[in-house]
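Chains as they are written, first to last, in this note's numbering: chain A, 323 to 567; chain B, 323 to 567.
A couple of the hints might just be wrong.
Since the list gives no way to pick out one identical chain from another, each pair is judged satisfied if it fits inside one copy or across any two copies.
Below, simulated SDA-like cross-link-like pairs (lysine to any residue); rule was C-alpha separation at most 20 Å, straight line [unchecked claim]:
| hint | residue 1 | residue 2 |
| --- | --- | --- |
| 1 | 434 | 369 |
| 2 | 401 | 438 |
| 3 | 434 | 353 |
| 4 | 434 | 365 |
| 5 | 434 | 335 |
Derived by calculation from the structure, the hints in this document are not laboratory data.
Protein chains: 2
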Amino acid sequence: MVLVSPRNPLNIGAAARAMANFGLPHLHIVAPFAPTWREARSAVGAPELLLNAVESPNLAEAVAGCTLVAGTGTLTHRKPEQPVVPLPALASLVAQELSRGGRVALVFGSEKHGLTREDLSHCHILVEIPTDPRQPSMNLGQAVAVCLYELTARSPQPEAPRQEPPTSDAAAPSARLDLLAGVIEEVMRAAAYSPHSMQAANRHDLRVMLRRLALSAQDTRRILGLFRRILWRLNRLSPGSGVST
Amino acid sequence: MVLVSPRNPLNIGAAARAMANFGLPHLHIVAPFAPTWREARSAVGAPELLLNAVESPNLAEAVAGCTLVAGTGTLTHRKPEQPVVPLPALASLVAQELSRGGRVALVFGSEKHGLTREDLSHCHILVEIPTDPRQPSMNLGQAVAVCLYELTARSPQPEAPRQEPPTSDAAAPSARLDLLAGVIEEVMRAAAYSPHSMQAANRHDLRVMLRRLALSAQDTRRILGLFRRILWRLNRLSPGSGVST
Numbered sequence: 323m324v325l326v327s328p329r330n331p332l333n334i335g336a337a338a339r340a341m342a343n344f345g346l347p348h349l350h351i352v353a354p355f356a357p358t359w360r361e362a363r364s365a366v367g368a369p370e371l372l373l374n375a376v377e378s379p380n381l382a383e384a385v386a387g388c389t390l391v392a393g394t395g396t397l398t399h400r401k402p403e404q405p406v407v408p409l410p411a412l413a414s415l416v417a418q419e420l421s422r423g424g425r426v427a428l429v430f431g432s433e434k435h436g437l438t439r440e441d442l443s444h445c446h447i448l449v450e451i452p453t454d455p456r457q458p459s460m461n462l463g464q465a466v467a468v469c470l471y472e473l474t475a476r477s478p479q480p481e482a483p484r485q486e487p488p489t490s491d492a493a494a495p496s497a498r499l500d501l502l503a504g505v506i507e508e509v510m511r512a513a514a515y516s517p518h519s520m521q522a523a524n525r526h527d528l529r530v531m532l533r534r535l536a537l538s539a540q541d542t543r544r545i546l547g548l549f550r551r552i553l554w555r556l557n558r559l560s561p562g563s564g565v566s567t
Numbered sequence: 323m324v325l326v327s328p329r330n331p332l333n334i335g336a337a338a339r340a341m342a343n344f345g346l347p348h349l350h351i352v353a354p355f356a357p358t359w360r361e362a363r364s365a366v367g368a369p370e371l372l373l374n375a376v377e378s379p380n381l382a383e384a385v386a387g388c389t390l391v392a393g394t395g396t397l398t399h400r401k402p403e404q405p406v407v408p409l410p411a412l413a414s415l416v417a418q419e420l421s422r423g424g425r426v427a428l429v430f431g432s433e434k435h436g437l438t439r440e441d442l443s444h445c446h447i448l449v450e451i452p453t454d455p456r457q458p459s460m461n462l463g464q465a466v467a468v469c470l471y472e473l474t475a476r477s478p479q480p481e482a483p484r485q486e487p488p489t490s491d492a493a494a495p496s497a498r499l500d501l502l503a504g505v506i507e508e509v510m511r512a513a514a515y516s517p518h519s520m521q522a523a524n525r526h527d528l529r530v531m532l533r534r535l536a537l538s539a540q541d542t543r544r545i546l547g548l549f550r551r552i553l554w555r556l557n558r559l560s561p562g563s564g565v566s567t
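So that you can see chain A by itself, here it is in the shape it has in the complex (with noise of 0.2 Å):
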């Protein structure tokens, strides 16, 4: 489970404290806000899964090994560019993704905002619990809650997770996206594909869409070397390359 940026210490002690009730042991913060973060922690039976939790500067980081990242959030003032998922059909496609061996994490945003356009982009979807429209936004705390009782409580996943390595159609892992989402951009920029000033959205459309695309492990591996090869080609034949013979 990700927090990314939490204002409030007591929510986190309410996210550790809900995460124990339902049995999961692995917590990430993204940036924390320090004098938060250390509140939290040093609070009196702050959980250990609180002290053991991994800090991470960004999102990208954290999820890197996650072949499934759900973001959670209202969808008020936005149109997702994610696949939505209601919370009640989220358990099966959790299990699916841990039954081939996937690993699966499940972002919350901070209390005051959720979690940001840029955020979104490394989701492969946007969990959305369904709420009162006239009262939609859940406390960080209670919607943790509802999440975990949904995943856990609800649909019991098998209990030791699988040790093989990944079969061939499981996902590939969200470091690897960005891998391959870094050299397609390198190949755009050496195609002269993308202007300047495009770059930036660019580069946000690709991480969406590579996640909309659900690459498998497999995937990811022959697209990546069919990019490497085009970018080698490309600046092999560029004059400005350098790397001209």
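The hints should help you fit chain B onto chain A, whose structure is shown.
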């Protein structure tokens, strides 16, 4: 929804927020700690349903009109006298009860001790949230959120509550069961069935049993009629009753 003696204003606020998130309008508070209750209601942005909450001196009064009273809690330290229903199975019971014109209350105990044995004797069932045995006890606001998610978001109820009077197989409201229990207790006393030292214990067991039987309104009317008749006979026959003719 009923909160019994909540101690922490933040928890009351969190419970109210979850109710707003999941579209439940009616909150009852039983025997609140006065300063706590004042603080929760005067909090900035206190939702309307907190301002409209109904205060009752005891649980019996709060659930008097209800035909299905579901207590919540963990089972770690006691053997429950009520049937235990795992939360995922609650929605179908509630839907069934509502469809035959009944009224349902979901009851949460105080943060520290949960519902007492006395509180539970007013409940027909005990709802258990399936949590990790190493950390079973949930935060009040989170437990409320999880229960309401299960009852509303996962299992939408029919929009408008039925306006017809209860049908003959509708369950007896709690206050009717209390009336029946009172008459039966009088009969026991009149028949010298229950020694004085046992009366409190018998009263408790009787309350538990009447709820376990799931009496319909019609059952209750008949049994009440029978016991009133018995009482009248006993009083008439007994020399010390003062009603001898």
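Structure-based check of each hint:
no.: 1; hint: 434 to 369; result: between (25 Å within a copy, 18 Å between copies)
no.: 2; hint: 401 to 438; result: within (12 Å within a copy, 47 Å between copies)
no.: 3; hint: 434 to 353; result: within (15 Å within a copy, 34 Å between copies)
no.: 4; hint: 434 to 365; result: between (22 Å within a copy, 19 Å between copies)
no.: 5; hint: 434 to 335; result: both (17 Å within a copy, 17 Å between copies)
In terms of the numbered hints stated before, the structure departs from none.
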